[in-house]
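**Q** Residues per chain are reported as follows:
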Amino acid sequence: MSWSSVSPSGPRRRPPVLRAAVYLAAVTLIGSFITGSAWGAPPQAPGAAGPASLSLKELTRSSDYVFRGTVVKPGAANLEVVEPSARTAVVRVEEVLKASPTIDDFTGRDVTVILDAPGAFNLGERQVFFGTVGLAGESLGILALGRAPDGERLKVRVARAQAQLFEDALKAKLEAADLAIDGRILSTRSTYADLKDRPLTEHDPFWWEAQLEVKAVLQGQTLQGKVPFWYPTSIDAMWAPAPKPAPGNEGVWLLHRFEVEGRGFVYAVLNPGDQLTAAEAQAAQKWVKP
Amino acid sequence: MNVIRRDRPLLLLALLVAALLAASRAGAQVTVVNMIPNAQSSETRQDSEPNLAVNPANPQQIAGSAFTVNYTGATTTAPIFVTTNGGTTWTANNIVPSGNGSTGDITLRFGGTSNVLYAGTLRGGSGLTLNILRSTNFTAATVMTLLRSRTNVDQPYVQAATVPSLGVDRVYVGNNDFGAASGRTATVDRTLNGTVATPSWVSARIERRTTCGQDGPPIRPAIHLDGTIYAISYRYRPPSGCVTPLASDVVVVRDDAWASSAPRFAALTDPSDGLAGRIVVSNVKVPFINSSQSTFGQERFVSSNLSIAVDPANSSRIYVAWADFPTGVAPYTLHVRRSDDRGVTWSGSDLLTIVNATNPALAVNSAGKVAFVYQINTGFGQPLANQRWQTHVRRSTDLGVTWNDLTLSDTPANTPTATFIPYLGDYVHVMAVGQDFYGIFSAANTPNLANFPQGVSYQRNANFTTQQLFNVAGTVVIAPSIDPFFFKITGP
Chain L
1 MSWSSVSPSG PRRRPPVLRA AVYLAAVTLI GSFITGSAWG APPQAPGAAG
51 PASLSLKELT RSSDYVFRGT VVKPGAANLE VVEPSARTAV VRVEEVLKAS
101 PTIDDFTGRD VTVILDAPGA FNLGERQVFF GTVGLAGESL GILALGRAPD
151 GERLKVRVAR AQAQLFEDAL KAKLEAADLA IDGRILSTRS TYADLKDRPL
201 TEHDPFWWEA QLEVKAVLQG QTLQGKVPFW YPTSIDAMWA PAPKPAPGNE
251 GVWLLHRFEV EGRGFVYAVL NPGDQLTAAE AQAAQKWVKP
Chain W
291 MNVIRRDRPL LLLALLVAAL LAASRAGAQV TVVNMIPNAQ SSETRQDSEP
341 NLAVNPANPQ QIAGSAFTVN YTGATTTAPI FVTTNGGTTW TANNIVPSGN
391 GSTGDITLRF GGTSNVLYAG TLRGGSGLTL NILRSTNFTA ATVMTLLRSR
441 TNVDQPYVQA ATVPSLGVDR VYVGNNDFGA ASGRTATVDR TLNGTVATPS
491 WVSARIERRT TCGQDGPPIR PAIHLDGTIY AISYRYRPPS GCVTPLASDV
541 VVVRDDAWAS SAPRFAALTD PSDGLAGRIV VSNVKVPFIN SSQSTFGQER
591 FVSSNLSIAV DPANSSRIYV AWADFPTGVA PYTLHVRRSD DRGVTWSGSD
641 LLTIVNATNP ALAVNSAGKV AFVYQINTGF GQPLANQRWQ THVRRSTDLG
691 VTWNDLTLSD TPANTPTATF IPYLGDYVHV MAVGQDFYGI FSAANTPNLA
741 NFPQGVSYQR NANFTTQQLF NVAGTVVIAP SIDPFFFKIT GP
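In order, the protein sequence lines correspond to chains L and W. Counted the way this note's numbering counts, the first sequence spans residues 1 to 290. Counted the way this note's numbering counts, the second sequence spans residues 291 to 782.
So that you can see chain L by itself, here it is in the shape it has in the complex (with noise of 0.2 Å):
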């Protein structure tokens, strides 16, 4: 996907065109496509003919934007880093389906919606955008994946795909995950009397070592008793947001098989998501192992 052009000599008047043309290739991967027509009128690919080749769950998948928009202003834009085109439209935001908590709000606003080959935007209409924000600037330069005329029968098939998301991705972190622990967390050490010679850097991860009371496995071997696990007790912007567990933390633990220098592999617990939320926890009890 082409977003703009660099002038590779000397200043500019106007704003380089965007372009991205691996973006081009991750589209195709996954399809500029929509199959079936299961809501009605199939869904228009961004600028490009052919048969569709996306399920609506796929696409859904793709995007991390989702929204029931109006096309206000064909062959423009709203951010300074976006050329006008053809393949660009202000579209104002009536309704986010799916969107991720950190991003703002815009529902009454005015988005610039990028697509990957010149395509119809015609003012006044009404659809249902479907693709990745790829720039925050004035406002969200959203790369349209797919689109779909608007109705209430898509919005319902929208929030049914997200809760099938939901369960994928819930399965597919339990799955990487060396071990997935339900239990509670016994106790806490240091570690550093383990490990000698560290390098001294900012990114020492000051490892520390919990023992998880297993109550039940969700993923791996079949364990009970208690298993160990090392976590960066570190501050340091590179490990800030790994879990630091505490003695009686109960939840769902997901550990992964790390080489730690100068001890070797040890399980471990290195990202935010490492530790389910309540609400994964909860959905992922049908995975108990028996």
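Be a bit skeptical, because a hint or two may be false.
[Said to hold, decoys possible] Stretch-level coverage of chain W by chain L, calculated; a stretch enters the list once three of its residues show a Cβ under 8 Å from a Cβ in chain L: (1) 319–333; (2) 589–603.
[To be verified] Only pairs whose alpha carbons sit at most 25 Å apart, straight line, appear in this in silico SDA-like list of lysine to any residue: (3) L:LYS244 / W:ASN375; (4) L:LYS173 / L:ASN122; (5) W:LYS659 / W:GLN744; (6) L:LYS173 / W:LYS575; (7) L:LYS226 / L:ARG184; (8) L:LYS171 / W:ALA364; (9) L:LYS98 / W:GLY363; (10) L:LYS244 / W:THR334; (11) W:LYS575 / W:VAL433; (12) L:LYS226 / L:ASP178; (13) L:LYS155 / W:GLN744; (14) L:LYS98 / W:GLY671; (15) L:LYS73 / W:ASN375.
[As the list claims (entries may be wrong)] For each label pair, taking beta carbons as the anchor points, the in silico distance ranges come out as: (16) L:GLU250 / W:ASN694: 37 to 47 Å; (17) W:VAL533 / L:SER190: 12 to 22 Å; (18) L:SER55 / W:SER584: 48 to 58 Å; (19) W:THR488 / L:GLU175: 27 to 37 Å; (20) L:LYS215 / W:ASN573: 52 to 62 Å; (21) L:ALA278 / W:SER584: 50 to 60 Å; (22) L:ARG109 / W:ASN753: 15 to 25 Å; (23) W:THR488 / L:GLU259: 27 to 37 Å; (24) L:GLU261 / W:ASN753: 22 to 32 Å; (25) L:GLU259 / W:SER747: 25 to 35 Å; (26) L:SER190 / W:ALA769: 25 to 35 Å; (27) L:GLU213 / W:SER490: 48 to 58 Å.
None of these hints come from the bench; they were simulated from the model. By construction, the Cβ of each residue, glycine as well, lies at the ideal position given by its N, Cα and C atoms.
Using the hints, position chain W against chain L.
**A** Positioned in the frame of chain L, the structure of chain W alone reads:
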């Protein structure tokens, strides 16, 4: 009437002072911009440790970085900030490869005339994994291309330039390589052509002396277009153990042929031992206290504070800055010195000494004017609530004999509360393009004009009357946090 007559001398004095101040600043145009885009008005991330790259071929194009997280929640890429209008407005663009939506350390630099942006990062989610990256279109959605990946490496610091006669980019990335033999970890990775499909790299070890087990984290290269490459580092002196405060030498190395000499970086030796690497100062005490210090505005000491700048019109003239505990204990003190003979001899005493400060950064413009940026903690010895962080730019036109002083920010040191360290960063950045200085620093973002003596503009929703931040819709108050700020100084 009586009041006016009594106050007239004071009024005249005030007017005179104001006129003198205006005259001293006349011609110096200072721009300060909060880089958080309007679309991210709700963000409350601690965006510390900033870096900046200005495209010398088109200074309207600038890229900035900080400890910023992908705002979409995606984990495969992290953002940089980009502008195509010289820094007036900024956009976050998620193009840095990542494993967790952010990066560890990150620095950026454009080639000289190639329009190519290079980055050195510690890949997010991968610990001490160095990534050297390239983008041929930094505003596009294309994820940056991975040029080199190595593990067990700290603090990548990138510099780049286009060789005038050849039109190729040469790229240098200072780093602390814990995989280097014998504890001689100070390293510069370099390629002689950064724009080919698969650049070839060498890791040049620049430490020639024994250490306590390693060198300090910061290794900073500097490039002159005649092929002179300098680098500065902290040698942590033996004996082994590396205990804070670390007895350190500030060492400058030099290569006269784009770091392709044999051996590399051996052009400058020290008379004390004949080994490569001129010892600028010896046995200074450099603290390594890797925790948030309430006595130092919530910041930490991780001996990351070195800077070096070469005069673009004279490769023999270089300025260096370092930080230490002069007496072995606080206050943390910055020092600036100069060499006019390619690092052989140095100013016998400091050109500037700044007490209780951190994050020194140097640059020299095409007219030989030197800029020195730093962040000073006021209220030494006082409770955190009484401390403030100020960001200063000092400039000199007489080789560092006299300096003027601009305060870019003056913010409380206790608000916001640190959520991780570093609080403001282990570095800031300043660079020159032509006669203009461009830079970046991080500071608390409460929209209070009194906190920004040179003025400031915000893109994120901010009410300077109520001194509050708001979400995009302007309906929800947003808590203060640390933001990156761009600055530009033009004129005398």
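**Q** Now, for every hint given, state plainly whether the structure supports it.
**A** Outcome of the hint check:
1. 319–333: holds (count 7)
2. 589–603: holds (count 3)
3. L:LYS244 / W:ASN375: Answer violated: LYS244 (chain L) to ASN375 (chain W) is near 43 Å, above 25 Å.
4. L:LYS173 / L:ASN122: violated, 41 Å
5. W:LYS659 / W:GLN744: holds, 20 Å
6. L:LYS173 / W:LYS575: violated, 47 Å
7. L:LYS226 / L:ARG184: Roughly 9 Å separates the two Cα atoms, so the pair holds.
8. L:LYS171 / W:ALA364: holds, 18 Å
9. L:LYS98 / W:GLY363: holds, 12 Å
10. L:LYS244 / W:THR334: Roughly 21 Å between the alpha carbons, so the hint for LYS244 (chain L) and THR334 (chain W) holds.
11. W:LYS575 / W:VAL433: violated, 42 Å
12. L:LYS226 / L:ASP178: Holds - the C-alpha atoms of ASP178 (chain L) and LYS226 (chain L) are around 15 Å apart, at most 25 Å.
13. L:LYS155 / W:GLN744: violated, 50 Å
14. L:LYS98 / W:GLY671: Violated. LYS98 (chain L) to GLY671 (chain W) sits at ~51 Å, over the 25 Å cutoff.
15. L:LYS73 / W:ASN375: Holds, because 23 Å separates the two Cα atoms, which is no more than 25 Å.
16. L:GLU250 / W:ASN694: 37 to 47 Å: violated, 60 Å
17. W:VAL533 / L:SER190: 12 to 22 Å: This hint holds: roughly 18 Å between Cβ atoms.
18. L:SER55 / W:SER584: 48 to 58 Å: Holds - the Cβ-Cβ distance for SER55 (chain L) and SER584 (chain W), about 55 Å, lies within 48 to 58 Å.
19. W:THR488 / L:GLU175: 27 to 37 Å: holds, 35 Å
20. L:LYS215 / W:ASN573: 52 to 62 Å: The hint (52 to 62 Å, Cβ to Cβ) holds, given that LYS215 (chain L) and ASN573 (chain W) are roughly 57 Å apart.
21. L:ALA278 / W:SER584: 50 to 60 Å: violated, 34 Å
22. L:ARG109 / W:ASN753: 15 to 25 Å: Since the Cβ atoms of ARG109 (chain L) and ASN753 (chain W) sit about 19 Å apart, the hinted range of 15 to 25 Å holds.
23. W:THR488 / L:GLU259: 27 to 37 Å: holds, 28 Å
24. L:GLU261 / W:ASN753: 22 to 32 Å: violated, 49 Å
25. L:GLU259 / W:SER747: 25 to 35 Å: violated, 47 Å
26. L:SER190 / W:ALA769: 25 to 35 Å: holds, 33 Å
27. L:GLU213 / W:SER490: 48 to 58 Å: holds, 53 Å
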